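So the sequences go chain by chain: B and G. Take the first sequence: its position 478, counted from the start at 1, is 478 in this note's numbering, and no numbers get skipped. Take the second sequence: its position 339, counted from the start at 1, is 339 in this note's numbering, and no numbers get skipped.
Calculated directly from the structure, the hints in this document are not laboratory data. Please read all numbers here as calculations on a predicted model, not as lab measurements. Be aware that a few hints might be false.
Some, not all, of what chain G presents toward chain B, calculated at C-beta under 8 Å [claimed, not checked]:
id: 1; residue: Cys52
id: 2; residue: Leu96
id: 3; residue: Ile121
id: 4; residue: Ala175
id: 5; residue: Ala182
Glycine included, C-beta positions come from ideal geometry on N, C-alpha and C.
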Amino acid sequence: MSRYSMHILVCGGTGCKSSDSDILVEKLKKELDKQGLGETVQVIMTGCFGFCEKGPIVKVMPDNTFYTQVKPSDAEEIVEEHIVKGRKIDHLLYTDPETSKHITDSNRMGFYKKQMRIALRNCGFIDPERIDEYIARDGYMALGKVLSEQTPEETIALMKSSGLRGRGGAGFPVGLKWEFARNNVSDKKYVVCNADEGDPGAFMDRSILEGDPHSVLEAMAIIGYCIGADEGYIYIRAEYPLAIARLKTALNQAREYGLLGKDIMGSGFNFDIGLKYGAGAFVCGEETALIHSMEGERGEPTLKPPFPAESGYLGKPTNVNNVETLANVAPILLKGAEWFSSIGTEKSKGTKVFALAGQINNVGLIEVPMGTTLREVIFEIGGGIKDGKKFKAVQTGGPSGGCLTEKHLDTPIDYENLVENGSMMGSGGMIVMDEDDCMVSIAKYYLDFTVEESCGKCAPCRIGNKRLHELLERICEGKGETADLDRLRNLGEVIKDTSLCGLGQSSPNPVLSTLDNFYDEYTSHVHDKKCAAGVCKDLMEYFILEEHCVGCTACARACPVGAISGERKELHVVNPDTCIKCGACLEKCKFDAVILK
Amino acid sequence: MDHIKLLIDGKTVEVPKGTTVYKAAKEVGIDIPVLCYMDLHDLNIENKPGGCRICSVEIEGRRNLAPSCSTNVSEGMVVKTNSMRVINARRTVMELILSDHPKECLTCAKSGNCDLQDMAIKLGIRDIPGQEYAEMSTYRLDTSPSIIREMDKCIMCRRCETMCNDFQTVGALNAVNRGFNAVVAPAFEMNLEHSPCTYCGQCVAVCPTGALTEVDHTANVIQALSDPNKTVVVQTAPAVRAALGEEFGMEPGTRVTGKMVSALKNLGFDYVFDTDFAADLTIMEEGTELLDRLSRHLDGDKDVQLPILTSCCPGWVNFFEYHFPEMKDIPSTARSPQQMFGSIAKTYFAEKIGVKREEMVVVSIMPCLAKKYECQRDEFSVDGNPDVDFSISTRELAHLIKQANLDLSTMTDSEFDSPLGESSGAAVIFGATGGVIEAATRTAYELQTGKTLESVDFKQLRGLEGIRSATVDFDGLEIKIGIAHGLGNARKLLEEIKAGRSEFHAIEIMACPGGCIGGGGQPLHHGNSDILKARTRAIYEEDEAKTLRKSHENPYIIKLYEEFLDQPMSEKAHKLLHTHYFERKRKVFEV
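Using the sequences provided together with the hints, build the complete structure.
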């Protein structure tokens with residue numbers, strides 16, 4: 001086996017791969033061979049680094065050099081300059097947006113400084129397709145420890161005292177969930193990993209499965225041991241082909257190493273894992289719907305109780321945890337409950353992974369201790385708002401989360417605080433909005449999603465969300481009436497109060513929270529028929545600026561409905577009653593005289 | 001803890017563990033409105049998807065409202081069913097449901113008999129906010145020989161699915177699409193006609209709205225009656241007389257045979273006959289076939305297939321043709337009473353009265369929707385002229401009677417016409433589960449043993465249990481009889497036959513719960529299984545009231561064989577009274 005003095009880590013997550021990082025890996029290897037360095041410098045395709053905004057990412061170890069937006073054509077320069085001559089390549093280094101200086105060491109980047117990686121510990125560090133690399137990072141040690149030294153009861157007790165809560169949304173205590181499944185006596189039980197990540201823009205589960213699949217397999221085996229199950233399934237959406245491929249590789253390797261299958265590590269414990277593919281229905285992230293989908297039934301939720309711990313897959317006690325939750329299990333068992341519970345807030349322990357998106361500089365995946373404030377996440381890790389614009393709101397918790405504002409920026413993030421302020425943790429989506437975003441449109445946008453993704457089983461969610469959406473559409477079109485605002489609120493509250501599952505119970509959040517925090521925007525849409533952010537086209541009018549107009553008649557000729565009048569070389573005017581807001585005049589005007597306001 | 005104490009609207013209730021809040025509230029006289037919920041406990045059918053949310057109640061300590069139909073009570077629970085929060089939520093949800101429901105009540109088949117309409121009245125809904133700009137879901141109208149699906153009116157209560165999938169195991173209906181477009185439909189939203197649907201009509205029987213209705217043939221009947229060149233003959237199935245009264249406000253279980261005959265005569269039918277006559281004929285043919293197969297079996301003939309299965313239920317015939325085509329040689333080849341009647345009416349009777357086949361219209365009044373399909377089968381027509389022209393349901397007959405300004409409840413009794421109106425009590429009990437096999441037993445016993453039955457009541461064959469079995473002593477020969485009603489129960493018996501584990505000699509199968517009395521064409525029971533029990537009671541009362549109790553003693557049947565058919569299973573009987581079956585599945589895919 002070769003001993004390498006240097007490693008070039010190249011991100012192999014879905015994002016970077018789609019920007020040719022796999023070609024980059026091949027080119028780097030070729031260049032190294034050309035230089036005769038194939039035996040001393042190793043190129044590793046890792047999982048996601050999280051800094052997706054600037055992908056593809058290349059990290060050179062041991063000196064922590066962090067290159068961004070690397071193209072396959074940069075391979076030669078990296079090898080010749082950095083590897084051979086030891087000179088870092090300036091133009092590929094990350095530039096600090098505040099100081100405009102290149103940062104050579106990734107540990108000093110704002111994006112990483114405040115992060116604490118437990119669930120993502122191996123992402124961007126190891127080759128997910130080699131089990132040895134996982135093992136070298138203490139992989140499967142927790143499983144070994146549990147099987148040889150701990151009873152299931154002791155393990156569950158440890159998980160309970162660690163305070164780990166489900167990372168899929170509801171935040172149910174993990175140890176307690178395992179205990180319920182353990183206490184239900186049955187000849188057969190199942191462990192299910194919920195990898196049906198459906199929130200738009202959230203990809204933490206995908207990243208973990210792509211970057212560190214064994215951490216999930218190990219945790220599932222541990223749960224199997226704890227609850228008395230010998231069979232597990234990962235319910236993963238079919239749109240995650242790379243994650244599926246890496247899981248398959250990982251499963252085969254784990255079986256080959258005797259870490260899955262019969263008599264694991266000579267303990268007499270049997271456990272194996274299969275994959276079930278979802279067709280990409282958002283509601284299948286709800287555990288009862290997920291189980292029905294696994295059974296081949298229509299993916300729609302049923303009332304709880306009975307909980308899956310009592311009657312789950314095929315009617316047997318089933319423990320369902322999501323991917324991020326599972327990725328936390330092994331470190332807790334190795335480092336102890338006290339270590340874990342020392343991180344975070346009083347009721348929310350450990351860290352949480354968030355997917356940063358929207359009008360923020362550092363779009364990507366981050367992991368921070370619970371209790372970190374929104375301000376720290378958005379302005380320090382996220383690098384602030386794009387193009388120096390003003391922060392307006394952040395929407396947390398996926399499509400059914402609420403929008404939080406300036407006044408919430410210093411709230412420490414945890415399950416309770418988010419709910420208290422009208423939003424939720426969800427799976428950890430975080431979408432940042434700036435002054436150019438219209439909050440009514442934002443609420444409508446999220447309703448678009450939930451209307452589409454409702455399973456249709458219960459009336460309030462099936463019809464209510466549709467009606468909410470219609471009301472918002474009317475308001476954005478300038479047809480809103482004062483009574484509509486009360487209707488929005490009543491409807492939203494009833495939908496929350498009466499829907500069958502978590503989808504409907506939270507889908508009105510974007511509407512209700514924007515009504516709470518941005519009521520002025522609603523009233524200006526309804527009463528003044530104005531959209532201050534300039535998003536709702538129906539509320540805008542085309543207008544010709546006197547000081548810019550030269551009277552060239554181009555706009556009048558372009559107008560398909562003859563809404564623009566004016567003599568040659570004189571000011572032209574748009575007749576708003578005739579105008580169909582097609583924008584042809586604005587496009588045609590060479591003097592920036594046509595504006596939309 | 002066996003009993004649980006809780007507080008509902010300030011009233012203390014004590015109920016067994018596992019009781020739902022809805023049922024517990026009923027105990028203290030609180031009637032929480034329910035819409036999607038349906039409970040036919042005697043038949044083990046319960047539909048509680050918790051989908052409509054109309055029954056939502058407030059439970060102290062719970063973040064959101066709970067559906068009372070599917071939330072179990074717990075000790076110390078404090079429930080409010082009428083707080084302003086609950087009332088507002090219930091109204092708002094109802095307005096939502098109505099906002100996506102057509103407002104064509106005036107012309108809807110279910111008007112006046114619609115659970116949704118009743119709920120709108122109960123909740124006093126006068127206005128649907130925002131209706132003018134609310135998009136409505138629209139679906140393609142789907143017509144089949146028996147059932148019309150007008151899914152614009154579907155409220156996703158899923159009762160039809162429960163009947164089709166859980167009870168009947170037919171699997172023709174399931175929810176498809178997502179969100180606002182979600183609707184109950186055959187797979188891929190194909191036409192019902194191309195699905196595994198058996199036309200049993202149980203979906204129609206439980207549909208709370210006008211989304212699922214029967215194909216209405218009353219106009220055809222009126223047209224035939226008003227055509228002076230047609231001789232219109234009507235036959236009435238046994239279960240109709242036990243239920244028709246309900247449509248006229250009479251107590252369930254009121255027998256209206258004589259009044260019904262009067263009404264039909266008033267409507268202008270030229271001959272009012274009884275399907276029961278044909279039921280007696282069925283027993284002659286089917287009973288003879290049973291004895292024939294049995295004796296060949298006892299003689300060691302390996303080609304003989306046992307058990308023999310009854311074949312009078314068209315829903316059941318459709319079921320095995322689709323789901324068990326490999327077993328299509330096991331059921332009796334005897335046609336159903338409806339078809340035997342049609343065949344005899346248009347041959348023997350037509351000849352007798354000197355009317356040409358083309359000039360005769362045979363109408364059947366059936367508790368059943370599958371009969372509509374059955375009478376349209378190619379094999380039951382001669383040169384394109386069907387043996388039975390139109391089959392209308394009990395409900396359609398009620399509409400006809402009402403249209404003619406007749407009040408059934410005040411009508412005097414009349415007798416069926418002769419000769420096809422004469423029948424035995426054995427024929428009457430065809431209308432209840434177990435009745436066909438009991439009727440067959442009465443005749444087969446006497447034909448086989450040559451002895452007279454002491455008692456004709458085989459009570460061991462009666463009841464509402466889904467699958468029943470009994471052994472009848474045929475003078476030393478033990479005949480094992482199986483009975484199933486509901487196609488899910490039938491499936492279980494068929495699987496046993498397939499696996500070679502069945503010990504039965506004969507099995508009666510009826511597609512609908514309770515047999516024909518619970519048919520898809522009967523007055524709607526709205527989830528009340530006591531109604532089914534009352535109809536069953538009426539059927540057996542009618543049997544007991546008859547002097548003739550055995551099919552083979554019906555003098556007109558004896559005469560029919562003497563004058564026309566020769567003997568059971570004769571060549572002529574084969575041609576006119578027997579049939580053959582098809583693999584429906586293959587037929588479907590050839591389309």
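Could you tell me which of the hints above the structure violates, numbers in ascending order? 3
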